[in-house]
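Asker: Residues per chain are reported as follows:
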Amino acid sequence: MNDQKRNDFLNAINPFNKNSMTPTLLIVYALMILIFSLINPLFISLANIKSIVANLTISGIMAVGLTTVILTGNFDISVGSILGVSAIVCAKLYNIGDTYIPLPVVILAGIAVGAAIGAINGFLVTVVGINSIITTLGTLAVFRGLAYLYGTETAQIYYKPYVFMGRGYVFKHVPLTLIYFIVILVLMYVVLRFTKFGRNVYQVGANLQAARLAGVSIKKTTFYTFIISGITAGIGGILLSSQLSFAQGVFGLGYEFKILAICVLGGISLAGGRGTLVGIIVATFILGSISNGLALSKVPIEWRDAFEGIILIIAIMVDSIRISRRALLRA
Amino acid sequence: MKKKSFKITDTYILLIILVVLVAFFSLVNRQFIAYNNISTMLKNMVLTGVLALGLTPLMIARGLDISFGNSISLTSVIMAVLYTVFGLNLWLTLLIGILVAALIGFINGLLIEKFNLIPIILTLGTMAILQALALVTANTFTQTYSILMLTDQLYYFSTRTFLKIPLPLYVLIVLIFIFWFVLTKTKFGRTIYLIGANPKVAYLCGVKVKKVKILLYIFMGFITGIGGVLSVALTGVGASYQGAKLVLPTLSAVLLGGISLMGGSGSALGTLIGVLIVTVIFNGLSVLNVPSYYIQLFQGIALILIVAAYEIRNKKIQII
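Protein sequences appear in the order of chains F and H. The numbers in my numbering rise by one with no breaks, and the one at position 301 of the first sequence is 301. The numbers in my numbering rise by one with no breaks, and the one at position 205 of the second sequence is 205.
For reference, chain F alone in the conformation it holds in the complex (with noise of 0.2 angstroms):
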């Protein structure tokens, strides 16, 4: 009994168990690595890795939101639209004539943002009751609706702190972008592992019958995701404008497509319920790695979001695969 525990343990945690598609994933990516530097050995110069990483981690972080709302067997595709209004509130901020706010102020400004935005996607979903897909397809088009009126001019930002926060680096060559992703992710990973709130995540995303029979309250578990979701997006969009020092209504535009690529490449089941955030550390490298390393092998810029709606299709196919395959094992 306790050996069995201890297993099941040692499988949660470890990502080369056989119903990972890490292994899988890291193959891919070594792959990618090669050929891209076959192309252009640029792209394993020491100033393009820090690029990459820097600017991956931004899609990092919002994944890690979106993954929440993902196992309860929802979805969020509004999450570039919070990303553009959270991004230009802060910017705005620092353009208000003389009035000097303070750098915290702000980050709790584009925080609030995003998680106010979640809870209103969260109200019409759980509480309304709409498809999560077509309620975030309408908050989509109305907070970009939002940031375009607002944004319509560039909104530069000259406060050298808030524009180090995203470009700076520690030891000289680790972004700080790249702590914050650590950070979250460590966090979220231990929220959804060792706590109530995650187990009722997964819980609601494998069986809503059984979650409701064990007395989880489903709507405010859902709701929450949603609230996290908008979170992330909300740090996004407070790292993307830190990181060009300005602030416009497109930021964010198409992101929904990589957001979800991420996290269905990164093995979450868009059945719900299944999947963690191993996966996600690599699928974000490797989304993060393909705008870069196909700019640097000079295919048009056209064509950066076909790979990213490719690969979107590619990882839902696999997944939908894997669902089927466990349902024939099921019977």
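Don't read these hints as lab results, they were simulated from the structure. Predicted, not measured: the structure shown is a model, and the values here were computed from it. Hints are supplied without guarantee of correctness; some may be wrong.
The calculated lysine to any residue pairs, modelled on SDA-like cross-linking and capped at a C-alpha distance of 20 angstroms, are [what the hints assert, rightly or not]:
(1) H:200 to F:328
(2) H:164 to H:37
(3) F:219 to H:308
(4) H:114 to F:328
(5) H:245 to F:305
(6) F:298 to H:137
(7) H:245 to F:302
(8) H:114 to H:190
(9) H:114 to F:327
(10) F:50 to F:32
(11) H:315 to F:209
(12) H:114 to F:321
(13) F:219 to H:312
(14) H:114 to F:325
(15) H:315 to F:127
(16) H:315 to F:128
(17) H:200 to F:323
(18) F:219 to H:314
(19) F:50 to F:174
(20) F:298 to H:139
(21) H:210 to F:32
(22) H:200 to F:327
(23) H:187 to H:210
(24) H:114 to F:324
(25) H:245 to F:324
(26) H:210 to F:321
(27) F:219 to F:203
(28) H:245 to F:250
(29) H:315 to F:131
(30) H:315 to F:123
Start from chain F and add chain H according to the hints.
Answerer: Chain H alone, transformed into the frame defined by chain F:
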């Protein structure tokens, strides 16, 4: 008996909303009911209407396609390139455009049904691919993102009227009749409703559910192709980024017309009323000089409100 009267009120409510909206906008701005505005409005409605009609049987059978907007971008770009760069015959060009769109529908349907994918997620992926294809095609052949395609025939078609009704509107009228007839009077129509109401029962009844649904996806593609032709005819441009704007109004119109996301309900006439309401709202807003950013905002709010209203009503019915 009682159930039937309930259904009628549902359509009546939508009709009343439509009348109220028209009255409101014409009171605020006299221009709204001028013949010119109405004819432009109806002409603009054709594209949304045709697409909404194509979605109707698909969504009744629990399918969904949100890549049609980008599919229109791609087909209109392909048609414009074939016509202006390669100098192909006009009718052949239009035929190829429609076939390409039908092929895209077929691929969507095949992937969704063979791999049991979630329709909206797959078509989200194809959306990105189609958009990229449209941009690349336009850029490689003409170095621009929107290609002029001016022809006498299409110009004639989009500007002339017959019995004071613009010609494109006849396409919509014919399609509405066909869809209404197929959905209500034929065995195939009943099959579609059966699949939507309960796919398992349909399967046990001997319906080839997957085949029928793939057929519906191909059909949606075909309709999208017609939409592409209409868009080229109305604008005279094969634009690589215009189509994506059609998705939200069309989806709102279809859902407003009484189609449930759970499948099994909806009708061609309901969709028509939904399209009319959505068109009136957005045309009314632009007559009132509301900036276009607000219109996108309203589109999102409208979509959420529509689905929320239906959802709340459904809950009330369940409680009763």
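Asker: Is the Cα-Cα distance between residue 315 of chain H and residue 131 of chain F 20 angstroms or less?
Answerer: Cα-Cα ~14 angstroms, so holds.
Asker: Just to be careful, I want the Cα atoms of residue 315 of chain H and residue 209 of chain F compared with a cutoff of 20 angstroms; is the pair within it?
Answerer: With Cα atoms ~19 angstroms apart, residue 315 of chain H and residue 209 of chain F stay inside 20 angstroms; holds.
Asker: So if I understand the rule, the pair passes when the alpha-carbon distance is 20 angstroms or less; does residue 114 of chain H with residue 324 of chain F pass?
Answerer: Since the Cα atoms of residue 114 of chain H and residue 324 of chain F sit roughly 11 angstroms apart, the hinted pair holds (cutoff 20 angstroms).
Asker: Residue 210 of chain H and residue 32 of chain F: Cα distance at most 20 angstroms?
Answerer: Violated, because 36 angstroms separates the two Cα atoms, which is more than 20 angstroms.
Asker: Hint check: residue 315 of chain H vs residue 128 of chain F, CA-CA at most 20 angstroms. Holds or violated?
Answerer: The hint holds at about 9 angstroms.
Asker: Is the Cα-Cα distance between residue 114 of chain H and residue 190 of chain H 20 angstroms or less?
Answerer: violated (23 angstroms)
Asker: Does residue 321 of chain F sit within 20 angstroms of residue 210 of chain H, going by the straight-line distance between their CA atoms?
Answerer: holds (17 angstroms)
Asker: Checking one constraint from the list: CA of residue 50 of chain F to CA of residue 32 of chain F, max 20 angstroms. Satisfied?
Answerer: Judged against 20 angstroms, a Cα distance of about 17 angstroms means the pair holds.
Asker: Does residue 328 of chain F lie within 20 angstroms of residue 114 of chain H when you go C-alpha to C-alpha?
Answerer: Since the Cα atoms of residue 114 of chain H and residue 328 of chain F sit roughly 16 angstroms apart, the hinted pair holds (cutoff 20 angstroms).
Asker: Would the pair residue 200 of chain H and residue 323 of chain F pass a check requiring their Cα atoms to be no farther apart than 20 angstroms?
Answerer: Within the cut-off at roughly 19 angstroms; holds.
Asker: Hint check: residue 219 of chain F vs residue 312 of chain H, CA-CA at most 20 angstroms. Holds or violated?
Answerer: Given that 20 angstroms is the threshold and the Cα spacing comes to 16 angstroms, the pair holds.
Asker: Between residue 114 of chain H and residue 325 of chain F, is the straight-line Cα distance small enough, at 20 angstroms or below?
Answerer: With a Cα-Cα distance of about 14 angstroms, the restraint between residue 114 of chain H and residue 325 of chain F holds, given a limit of 20 angstroms.
In summary, the numbered hints that this structure violates are 8, 21 and 25.
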